[in-house]
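So the protein lines, in turn, are chains R and X.
Heads up: the first sequence begins at 367 in the working numbering, then just goes up one per residue.
Heads up: the second sequence begins at 24 in the working numbering, then just goes up one per residue.
Treat each hint with caution, since some may be false.
[Stated by the list, open to error] Label pairs and their calculated CB-CB ranges:
#	chain 1	residue 1	chain 2	residue 2	range
1	R	K408	X	G75	29 to 35 Å
2	R	S471	X	S41	29 to 35 Å
3	R	K424	X	Q45	37 to 43 Å
4	R	E425	X	Q64	42 to 48 Å
Bear in mind the hints are in silico, worked out from the structure with no lab data behind them.
All residues carry an ideal CB built from backbone N, CA and C; glycine is no exception.
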Amino acid sequence: QQQVKQSPQSLIVQKGGISIINCAYENTAFDYFPWYQQFPGKGPALLIAIRPDVSEKKEGRFTISFNKSAKQFSLHIMDSQPGDSATYFCAAFRRGSSYKLIFGSGTRLLVRP
Amino acid sequence: SAVISQKPSRDICQRGTSLTIQCQVDSQVTMMFWYRQQPGQSLTLIATANQGSEATYESGFVIDKFPISRPNLTFSTLTVSNMSPEDSSIYLCSGTSRGGGDETQYFGPGTRLLVL
C-alpha cells in the first residue's frame with residue numbers, strides 16, 4: 367500500500383528525443399506527487415510536482431501526466447539534453463499527515479549526444 | 024525555498040565508533056527528516072526529527088543506533104552509533120514547511136560515510 371513502483375530502471379535516449387518514466391501507486395490517500403532529479407554526489411532536487419486534481423502539468427521541457435483512475439503518473443522530458451543525464455525519482459505523500467515521502471526505486475537516464 | 028547544508032560531507036570511520044552528522048537549514052522548517060541512500064539505490068526514510076521531542080523512527084531503525092536531536096526549527100543531528108561496514112551509505116537530511124502552499128521537501132547534499 368505504501369509502495370511507489372517506478373520503471374524503467376535505466377533509460378538511454380538520444381539528444382533531442384523524449385524520455386518517459388512511469389510510476390504507479392496503491393495508496394489512494396496520496397495527494398501530492400513530486401519528481402526529484404539527482405546528479406551524482408548531490409542531494410535530490412525537486413523537478414516538478416502535481417496534485418491529483420489535474421491531469422497534466424508542464425514546466426519547460428518537463429511534463430507530468432497523471433491518471434487518477436489508473437493510479438499512475440509519468441514524467442516526460444521533451445528534447446532531452448545530455449545535461450538531463452541524472453537519476454530521477456518519483457515520489458508520493460499525503461499532505462496534512464506525516465508528510466513522509468515515499469520514493470520510487472529511481473530511473474537512471476543517460477542522454478547521448 | 025530552503026537551502027540545506029550538511030557536515031561533514033564525507034568521512035571514513037573505523038567500526039565500533041560513532042559519527043554525528045549535522046544538518047542546518049537557512050530558514051525555519053516545520054518538519055525535518057533523515058534518509059539513507061545506498062549508492063545507486065533509492066532513499067529510505069530513517070526517521071522524522073521532531074523539535075523538542077523524541078524522533079519518530081521507521082520500521083527497522085532504532086533510537087539506540089540512530090539517535091537524533093532537533094533543538095530548534097533550523098538544526099538537527101543524526102548520530103550513527105557503533106558503526107559497522109553495513110552502515111556505509113549516504114545520509115541525507117531534508118526539510119519541509121508544512122502548509123503555506125509550498126510543500127516542497129528540500130534535501131541537503133548528503134554525507135558519504137565509509138566504515139572500515
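Against the structure, the hints come out as follows:
1. R:K408 - X:G75: 29 to 35 Å: holds (31 Å)
2. R:S471 - X:S41: 29 to 35 Å: Since S471 of chain R and S41 of chain X have Cβ atoms about 30 Å apart, the given range 29 to 35 Å holds.
3. R:K424 - X:Q45: 37 to 43 Å: Hint holds: Cβ distance 38 Å, inside 37 to 43 Å.
4. R:E425 - X:Q64: 42 to 48 Å: violated (27 Å)
Taken one by one, the earlier hints fail for this structure only at number 4.
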